[in-house]
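Residues per chain, in single letters:
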Amino acid sequence: MDGAFDIDEIRYIFFNMQVMEGQWGLLFSGLWMTVKIAVVAIIASTALGLLVSILRLKGNAFTNALLIGYLEFCRATPIVVALIVVYFGLPFLNITFSPFQSAVIVIVFVHAAYIGEAFRSGILAINIAQSEAAQSLGLTQLQTYRYILVPQAFRIVLPTLSNQWTGIIKDTSICTILAITELLKAAQIVAAWKANPTPLVMSTLLYLLILIPLTIFTMKLERKAGLKK
Amino acid sequence: MMKGRIKIISSKNYKDIAYGGSIAAFLALVIYVMFFSGADWSLFKEQFLNFEKMEGRYHIFVSPLLLVLKISFYSCFWATAIGLSMAIIRNYNNMFLNGIITAYIVLFRSIPAMVLVVLVYFTLPYVGLNLVSTNSVIASLSLLFSAYTTEIFRSGINSVDRAQVDAAKSLGIGSLQSMRWVILPQALRVIIPPLTSVLIDILKTTSIAYVVGVPELIARARQMEGVIGSVTPLIFVSFLYFLIILPVVIFSSRLEKRSRRWSKS
Chain Z
1 MDGAFDIDEI RYIFFNMQVM EGQWGLLFSG LWMTVKIAVV AIIASTALGL LVSILRLKGN
61 AFTNALLIGY LEFCRATPIV VALIVVYFGL PFLNITFSPF QSAVIVIVFV HAAYIGEAFR
121 SGILAINIAQ SEAAQSLGLT QLQTYRYILV PQAFRIVLPT LSNQWTGIIK DTSICTILAI
181 TELLKAAQIV AAWKANPTPL VMSTLLYLLI LIPLTIFTMK LERKAGLKK
Chain R
1001 MMKGRIKIIS SKNYKDIAYG GSIAAFLALV IYVMFFSGAD WSLFKEQFLN FEKMEGRYHI
1061 FVSPLLLVLK ISFYSCFWAT AIGLSMAIIR NYNNMFLNGI ITAYIVLFRS IPAMVLVVLV
1121 YFTLPYVGLN LVSTNSVIAS LSLLFSAYTT EIFRSGINSV DRAQVDAAKS LGIGSLQSMR
1181 WVILPQALRV IIPPLTSVLI DILKTTSIAY VVGVPELIAR ARQMEGVIGS VTPLIFVSFL
1241 YFLIILPVVI FSSRLEKRSR RWSKS
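If you're matching them up, the sequences are chains Z and R in order.
Under the numbering used here, the residue at position 129 of the first sequence is numbered 129, and the numbers go up by one with no gaps.
Under the numbering used here, the residue at position 163 of the second sequence is numbered 1163, and the numbers go up by one with no gaps.
Treat the hints loosely; a few may be bogus.
With a straight-line Cα cutoff of 20 Å, these simulated DMTMM-like cross-link-like pairs (lysine to aspartate or glutamate) come out [said to hold, decoys possible]:
no. : chain 1 : residue 1 : chain 2 : residue 2
1   : Z       : K220      : R       : E1151
2   : Z       : K194      : Z       : E9
3   : Z       : K194      : Z       : E72
4   : R       : K1257     : R       : D1166
5   : R       : K1045     : R       : E1225
6   : Z       : K58       : Z       : E9
7   : Z       : K224      : R       : E1151
8   : R       : K1257     : Z       : E72
9   : R       : K1045     : R       : E1055
Simulated from the structure, these hints should not be mistaken for laboratory data.
Can you make the complete structure from the sequences, with help from the hints?
Shown next as structure tokens:
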């Protein structure tokens, strides 16, 4: 760096609206793709996580060992590696997924393990008397989960859950290594074409626009949960 | 109808059935995938586990492996250092500084790692700040994870009984000294378990360095993949990552279990 920063120069480099002219379309289609991946992944991984947690609670030693293995596997596998293996590796076995499919598969697979663990601890935190009471009222196992345990667990794990959801939205940006034009990729394309980093800055602002409210929401929930303890 | 309800299956019996059933289902699945799903296993062996082609090439992975460890070590060091100092500053309860630190935490908890790495590496050169790709990754990871470590250190410091601080003060111990000798040693018990999970996250996130052209494990594997025409290097590298991270994962879940036991007793 030589000399002092010139505010006009900074505006010219990082916030150059002339560069962005006519490019917002690509950026917003990228944003739309990011939102699509995130929404599908959030819904699917939450459902799968709930299933995993109930399997963990109801299962026997064998299924438990299997599911613990699955959890540890997901905790120890970087998403980049998993994405590359699924998208670039599996076609060698004639198993081909589209970039969108591989993005969703990997993100759901990894995050469902974390969400499952969160739900499990949430359900375990509910007083055992509740499920006993439900049983003595003649509710079946399924009904106990549906009407008694899961709704309460949801409230308990909401901070962890929203943290995971934020994580899923953040992880969609990793999918830029696949041939998929999501927000970051779109920004990189425009930035390379115009030889100006403004699109990257704009895409970061778009990410922050979505993620900062979510983070603040999560932190508030966490604080509330902490106070209750 | 009533009969079905009254019929008693002892819970042990039920468990046996479930146990046997799940093993049978799993075996059936494995047998199906192996023999009846039409998957071509010779192809799998040739493409995924073709270690003959890898022979004599393993040394290529040594320097990228060390690079990954180096990036994780420095990021971990800086994240811990920044986190600790910000937690200590927060402890002074200065409104202005607290506001800045909270904004910092919200910002870096929100920004995706990939976006920050790309931003640091591709935009800073425009203002004349050329970081080597490795350093740009270290810088971004330190910034990102210091947001988490700050909160971890803060909750650790808060977990120490207020009376301890007052006692230290009444003994005439300065605030920094009481932090060093009274609070932190006790806070460590609460701090260490979540800190190891940050370490896991850092180790995993280093793989993002691939996008900015750091010659790390995945980049090398993909090069080799092109040379030998098999995905084996990629499988080998994912196994290496697994091998690095898994011990930390097991260590951290043990610590968590132990700390849960402590908090119960």
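Going through the hints against the structure:
1. For the hint linking K220/Z to E1151/R, the alpha-carbon distance of about 13 Å falls within 20 Å, and the restraint holds.
2. For the hint pairing K194/Z with E9/Z, the CA-to-CA distance comes to about 17 Å; that is within 20 Å, so the pair holds.
3. Straight-line distance between C-alpha atoms of K194/Z and E72/Z comes to about 44 Å, which puts the hinted pair past the 20 Å bound.
4. At roughly 31 Å between alpha-carbon atoms, K1257/R and D1166/R are farther apart than 20 Å, so this suggested pair is violated.
5. For the hint pairing K1045/R with E1225/R, the CA-to-CA distance comes to about 15 Å; that is within 20 Å, so the pair holds.
6. Of the pairs offered as hints, the one joining K58/Z and E9/Z is violated, with about 63 Å between alpha carbons and a cut-off of 20 Å exceeded.
7. Of the supplied pair hints, the one linking K224/Z and E1151/R holds, its CA atoms being roughly 15 Å apart against a limit of 20 Å.
8. With a CA separation close to 14 Å, the supplied pair K1257/R and E72/Z stays within the 20 Å bound.
9. This hinted pair checks out: K1045/R and E1055/R have alpha carbons roughly 15 Å apart, not beyond 20 Å.
In terms of the numbered hints stated before, the structure departs from hints 3, 4, 6, listed from lowest to highest.
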